[in-house]
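> Protein chains in written order, with our numbering: chain A, 38 to 667; chain B, 38 to 667.
Check each hint, because a few of them may be wrong.
Which copy is meant is left open, so a pair is good if it fits within one copy or across any two.
[To be verified] Straight-line alpha carbon distances no greater than 25 angstroms define the calculated PhoX-like cross-link-like pairs of lysine-lysine that follow:
no., residue 1, residue 2
1, Lys127, Lys181
2, Lys354, Lys547
3, Lys599, Lys547
4, Lys136, Lys181
5, Lys661, Lys69
6, Lys232, Lys397
7, Lys181, Lys232
8, Lys232, Lys62
9, Lys128, Lys227
10, Lys112, Lys663
11, Lys128, Lys232
12, Lys323, Lys250
13, Lys112, Lys62
14, Lys69, Lys656
15, Lys253, Lys127
16, Lys128, Lys661
17, Lys656, Lys232
18, Lys323, Lys253
19, Lys655, Lys547
Simulated from the structure, these hints should not be mistaken for laboratory data. All values reported here derive from a predicted model rather than from experimental measurement.
2 protein chains.
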Amino acid sequence: MLRIALAQMRVMPGRPDRNTETMLKYIANARKQNADLVIFPEMAIPGYLLGDTWEQTSFLEECEACSDEIIAASKGIAVMFGNVAVDWAKKNNDGRVRKYNAFFTAQDGRLVAPEESPYPFVVKTLLPNYREFDDTRHFFSLQKLARELGVAAENLLSPIRLAVNGTTYAVGGLLCEDGWSDDYGLSPMKIICEKERPDFFVNISSSPYTLGKNNKRRRVFSGRAAEAGAPLLYVNNVGIQNNGKTVYTFDGANAAYDAHGVLRLSGAPYEETTQVFDLETLPERKPVTIPDEPEAAQIFRALSYGVRLFLETIGMKRVVVGVSGGIDSAVAAALYARVLPPENLLLVNMPSIYNSETTKGLARRLADNLGCRYTTVPIQPSVELTVEQLENATIENLFDGTTEHFNISSFMAENIQARDRFSRILAGLAAAFGGGFTCNANKAETTVGYSTLYGDQSGFLSALADLWKYQVYDLARYLNETVYNREVIPQETIDIVPSAELSDAQDVDKGQGDPLHYPYHDYLFRSFVERWQKATPQDILEWYADDALEKEIGCAPGLVAKYFPTPKDFIADLERWWNQFSGLAVAKRIQAPPILAVSRRAFGFDHRESQNGPYYTKKYKALKAKLLGE
Amino acid sequence: MLRIALAQMRVMPGRPDRNTETMLKYIANARKQNADLVIFPEMAIPGYLLGDTWEQTSFLEECEACSDEIIAASKGIAVMFGNVAVDWAKKNNDGRVRKYNAFFTAQDGRLVAPEESPYPFVVKTLLPNYREFDDTRHFFSLQKLARELGVAAENLLSPIRLAVNGTTYAVGGLLCEDGWSDDYGLSPMKIICEKERPDFFVNISSSPYTLGKNNKRRRVFSGRAAEAGAPLLYVNNVGIQNNGKTVYTFDGANAAYDAHGVLRLSGAPYEETTQVFDLETLPERKPVTIPDEPEAAQIFRALSYGVRLFLETIGMKRVVVGVSGGIDSAVAAALYARVLPPENLLLVNMPSIYNSETTKGLARRLADNLGCRYTTVPIQPSVELTVEQLENATIENLFDGTTEHFNISSFMAENIQARDRFSRILAGLAAAFGGGFTCNANKAETTVGYSTLYGDQSGFLSALADLWKYQVYDLARYLNETVYNREVIPQETIDIVPSAELSDAQDVDKGQGDPLHYPYHDYLFRSFVERWQKATPQDILEWYADDALEKEIGCAPGLVAKYFPTPKDFIADLERWWNQFSGLAVAKRIQAPPILAVSRRAFGFDHRESQNGPYYTKKYKALKAKLLGE
């Protein structure tokens with residue numbers, strides 16, 4: 038019998054000391070449960086998303102020393118774990134020391150080497166270099182190693198032989214992407230199977246959560262196990278890790294599939310937990326079925342987990358949320374109120390003359406419902422002082438001795454209000470409260486920069502900036518109906534027209550609001566950002582001309598005709614937002630706070646962009662001319 | 038005879054239409070000069086640093102259509118150029134359509150295929166994935182292609198045969214990194230030479246400028262030509278390109294080396310120009326020697342070029358610089374004054390009660406010297422209003438019905454001042470002036486976040502944030518002595534103690550200033566960021582213990598003993614700044630403006646980082662305990 042413990046541990050990125058401590062505890066617990074083998078995730082010791090920390094020699098040495106501790110702790114138990122492996126005698130292609138993303142197996146105080154590997158560990162074969170992943174920047178792949186050694190990659194892949202209780206098990210060791218081989222033209226699992234079908238496969242991963250990803254993982258790994266005809270054990274970490282601009286939650290979701298690909302064991306998402314089982318009786322366990330959940334439930338779990346751990350990571354205990362009475366700030370406040378005790382959450386309403394009694398009242402009701410701290414700081418006196426100071430400032434033209442004065446337009450005054458609220462009031466209050474203030478921008482606003490830099494585009498974290506507006510509404514309803522089970526977000530906040538309330542033209546009581554038709558623009562913008570091959574005005578206009586637009590972008594039918602009576606209206610709207618998306622919005626995103634990722638394409642490190650301005654192809658221009666009858 | 042034109046063209050990233058137009062003009066000019074062959078840089082059509090624009094199908098189609106235009110324009114002349122090449126039938130490892138970074142040769146309206154290439158173009162063999170480069174994210178390498186085809190990469194490399202005036206020339210076509218093969222274990226040049234020494238090599242590049250890089254290019258390519266025993270022509274673009282957070286200038290610096298590696302022809306840095314010569318008489322030309330220049334001259338050229346083109350790229354014509362009387366803002370103002378007409382530059386002094394008459398006078402003198410626009414807007418009334426509003430705000434504790442008030446400390450008031458200046462005054466004035474305002478932070482401040490977010494850390498561009506403080510001083514002297522040839526930056530600004538003047542404790546008239554000892558900290562911080570293997574407190578403390586620190590980090594001898602009488606003082610300083618560098622400074626950099634790169638390691642896309650907090654290794658802790666006698 039082989040008793041196995043899958044350690045769904047929390048990995049702290051950049052903290053080999055703490056991760057090693059955690060692993061030693063899991064090993065001790067596994068021993069208590071009479072496990073013969075305990076399996077940890079990929080990069081369990083260093084963490085995975087570390088930027089260029091991999092270029093610090095001392096950090097690499099520390100990771101090696103931690104490996105030694107884990108190896109020493111493997112007396113009487115086998116331990117599989119991920120860590121960086123360094124070959125100090127060789128170089129990467131960038132000229133720096135050679136590093137591998139490696140899968141170690143330790144037993145009785147020494148490493149168990151895979152038979153045909155040139156190193157006493159498994160080298161990751163497939164290195165992802167898309168989305169938020171950067172593996173090829175730092176790690177040397179098995180293929181490159183094979184080329185260097187003058188052999189085929191196939192020669193270097195082989196099972197690990199693990200002797201336990203008198204039986205020797207052949208184990209196929211895989212690192213994360215090694216199991217996602219469809220687009221690589223090389224499958225480590227197939228190569229190993231062609232040599233000898235292992236008794237089981239182990240895939241150690243460090244795989245961030247995004248919406249729907251766990252379903253995909255199950256489809257892929259269930260299929261792989263069935264193909265191989267061998268059980269497959271999937272071990273992933275929990276916790277959060279970030280690439281600076283983008284913060285990812287890791288949901289763990291460990292899994293054990295039998296040789297037919299049936300899921301027999303599953304780790305609860307985001308929990309620090311261990312799954313212990315006997316390999317031989319795995320097929321006898323009841324199949325696990327994971328119930329479908331509404332999207333909002335998944336989003337709430339990911340966001341609340343992410344916010345809680347992000348606050349912990351940066352050591353922030355208190356949070357200020359500017360609340361306008363509108364939907365985004367209300368959802369942000371209700372989210373933070375689930376993560377923080379009420380005395381650590383301060384809501385602030387900052388009215389100007391343009392804010393209606395309606396929204397001021399809604400902000401107050403939200404605070405009452407949440408029972409946290411609340412204050413009101415009007416911005417009118419300061420905004421008036423600013424406009425007056427700027428208009429009264431004498432500009433001396435030193436080149437000709439003349440002087441002049443500037444005029445502050447109503448558009449400029451809108452931005453002055455937004456900056457006054459965030460950079461003056463919220464930043465000051467947050468410091469006085471001993472915490473930070475939140476950015477409540479959603480993904481639609483973030484896409485087109487419908488926000489003010491150093492105003493509502495600022496904050497320590499954008500928890501909602503990977504949610505389209507409809508997802509913000511869904512989350513609001515879910516918070517009321519399920520999380521709180523009462524109306525914490527006032528229904529009027531959900532029903533009212535979304536508005537920035539920065540001028541007379543944005544009067545919510547007259548139903549005047551944002552220039553965005555969210556039921557359409559949410560989907561248009563999604564096609565710019567999240568579509569597999571990103572859409573541009575050329576694609577959009579071709580679909581429009583073919584009457585296929587609503588179907589292609591996924592919005593409700595009839596909206597295009599409703600919002601845009603003529604091609605001219607349609608094109609003006611398209612170009613307006615494409616210009617923003619590729620223009621000023623890029624500049625704003627460069628200076629935006631970190632974003633908590635939930636979609637399969639969040640802004641930041643997973644959506645790399647340059648400040649190059651909008652582009653229209655020749656095909657676009659020709660089609661536009663045709664549609665406009667030019 | 039083969040007459041060759043090296044086109045040192047300006048490439049506009051993301052503008053295939055404009056680049057194609059430019060290339061057609063260069064081709065027409067080359068024809069007028071009776072050239073037989075005109076050579077353009079790598080990725081001449083699309084540009085190189087484009088983020089994830091490569092995922093837009095319509096953009097790829099547009100680039101292909103532009104290729105066709107160039108091919109059609111090659112009647113009677115051969116044209117070599119870089120572009121993206123798409124194989125619509127195949128996939129990259131990320132599952133998206135197959136893309137190559139490709140070298141095309143066109144002649145008489147059709148492509149000239151390299152003999153052994155599976156495509157009618159050269160596929161880039163070595164794809165850099167370090168520093169600011171991201172090639173492997175988007176492009177498929179020749180090695181991967183070879184593996185897919187089941188052959189060695191060697192089999193796919195061969196010369197291009199170009200028939201001109203009755204002679205057939207064998208040309209070795211290389212793309213940028215293909216010539217920098219030292220760390221790859223595979224040299225495209227050697228492979229080609231082993232088959233048949235070409236008549237000449239062509240390296241088309243898109244190679245950003247950084248300090249000292251052109252010297253390195255010359256060393257490398259002169260060596261390569263001599264090794265190969267064949268002339269080597271190097272063609273690079275000018276212009277600027279950015280990765281969002283980091284803006285790079287491209288200096289061109291085209292070069293023709295003869296078969297002995299002697300430089301015979303060289304393009305002036307940053308100029309749009311063409312070098313025309315006859316291949317056969319290249320060795321008869323006078324060798325080119327490039328005179329050594331002071332670092333400040335190079336920095337000034339790169340920054341003024343970068344600033345000018347960045348303004349052009351984002352369509353900004355007017356700039357506001359907040360001037361304190363200190364060195365950084367004075368250098369920024371003097372730099373912008375060389376790029377903009379005086380009426381488009383507005384300097385603003387924003388005194389509080391802590392600003393001395395000395396620095397206020399220096400700010401005014403700077404403006405007088407530059408003869409631009411100038412104004413003064415005091416921040417005292419607004420700062421007082423803010424402190425009063427924040428302290429008077431009644432915080433309602435809705436969980437227990439009590440109320441309270443916050444207290445604004447003097448440290449909080451410092452940040453309020455900084456935000457007031459930038460987010461309130463400068464942002465408002467810039468909008469009214471129809472432009473943007475600058476961030477004047479230097480690299481030392483940026484490293485440790487000695488700045489206020491939404492305060493002096495804000496702006497549309499950080500032109501000085503890749504310069505250590507000593508480089509800012511050098512640039513100040515260079516501006517006065519050489520660029521302006523008169524004292525535009527007042528000598529007192531250069532001589533005065535650097536100070537933020539945000540409190541009584543920072544009184545310049547008493548010689549009180551920043552908490553940084555720049556002559557030491559510049560070099561300490563550089564070791565954290567720019568050192569080949571990045572230094573951490575462990576390295577620093579080991580060097581300190583070995584009395585090797587000043588030598589290792591490159592600062593003047595004696596400074597460590599002068600600033601830090603005891604190990605305790607030394608360690609306290611080290612930890613203070615390491616905590617900042619790995620902590621709050623990361624958060625500030627995430628929201629910082631784009632940085633104009635000049636060093637070999639600028640913050641941003643070339644210094645990837647995660648918000649994970651500071652780390653101290655076990656070796657560090659042990660050595661610290663030993664030094665402190667614990």
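> State for each hint whether it applies.
Consistency of the hints with the structure:
In this assembly of identical chains, lysine 127 and lysine 181 lie within 25 angstroms of each other by CA distance both inside one copy and across copies; the values are 13 angstroms within and 22 angstroms between. Taking the shortest Cα distances, lysine 354 and lysine 547 never come within 25 angstroms of each other, neither inside one copy (40 angstroms) nor across copies (39 angstroms). For the homomeric pair lysine 599 and lysine 547, the shortest alpha-carbon distance inside one copy (21 angstroms) is at most 25 angstroms, but the shortest distance between copies (69 angstroms) is not. Taking CA atoms no more than 25 angstroms apart as the test, lysine 136 paired with lysine 181 passes in both settings, with 12 angstroms inside one copy and 20 angstroms between copies.
With identical chains, the CA atoms of lysine 661 and lysine 69 are never at most 25 angstroms apart, being 71 angstroms at best within one copy and 37 angstroms at best between copies. Proximity of lysine 232 to lysine 397 under the C-alpha cut-off of 25 angstroms is found in neither arrangement, the shortest distances being 70 angstroms within a copy and 79 angstroms between copies. For the identical chains of this complex, lysine 181 and lysine 232 are neighbours both inside a copy (21 angstroms) and across copies (24 angstroms), given an alpha-carbon limit of 25 angstroms. In this assembly of identical chains, lysine 232 and lysine 62 lie within 25 angstroms of each other by CA distance neither inside one copy nor across copies; the values are 36 angstroms within and 60 angstroms between.
Taking identical chains as interchangeable, the C-alpha atoms of lysine 128 and lysine 227 lie at most 25 angstroms apart only when they sit on different chains, with a minimum of 20 angstroms there against 29 angstroms within one chain. Taking CA atoms no more than 25 angstroms apart as the test, lysine 112 paired with lysine 663 passes in neither setting, with 76 angstroms inside one copy and 32 angstroms between copies. For the homomeric pair lysine 128 and lysine 232, neither the shortest alpha-carbon distance inside one copy (31 angstroms) nor that between copies (28 angstroms) is at most 25 angstroms. In the homo-oligomer, the alpha carbons of lysine 323 and lysine 250 lie at most 25 angstroms apart inside one protomer (24 angstroms), although the nearest pairing across protomers, at 64 angstroms, exceeds that limit.
Taking the closest pair of Cα atoms, lysine 112 and lysine 62 come within 25 angstroms of each other only inside a single copy of the chain (14 angstroms); across copies the shortest separation is 74 angstroms, beyond that limit. Taking identical chains as interchangeable, the C-alpha atoms of lysine 69 and lysine 656 are never at most 25 angstroms apart, the minima being 68 angstroms within one chain and 32 angstroms between chains. Proximity of lysine 253 and lysine 127 under a CA criterion of 25 angstroms is satisfied inter-copy only: 23 angstroms between copies versus 37 angstroms inside one chain copy. Taking identical chains as interchangeable, the C-alpha atoms of lysine 128 and lysine 661 are never at most 25 angstroms apart, the minima being 53 angstroms within one chain and 31 angstroms between chains.
For the identical chains of this complex, lysine 656 and lysine 232 are neighbours neither inside a copy (52 angstroms) nor across copies (44 angstroms), given an alpha-carbon limit of 25 angstroms. In this homomeric assembly, lysine 323 and lysine 253 come within 25 angstroms of each other (Cα to Cα) only inside a single copy, at 21 angstroms, whereas the closest approach across copies is 65 angstroms. In this homomeric assembly, lysine 655 and lysine 547 never come within 25 angstroms of each other (Cα to Cα): the closest approach is 42 angstroms inside a single copy and 64 angstroms across copies.
Hint check: violations occur at hints 2, 5, 6, 8, 10, 11, 14, 16, 17, 19; the rest are consistent with the structure.
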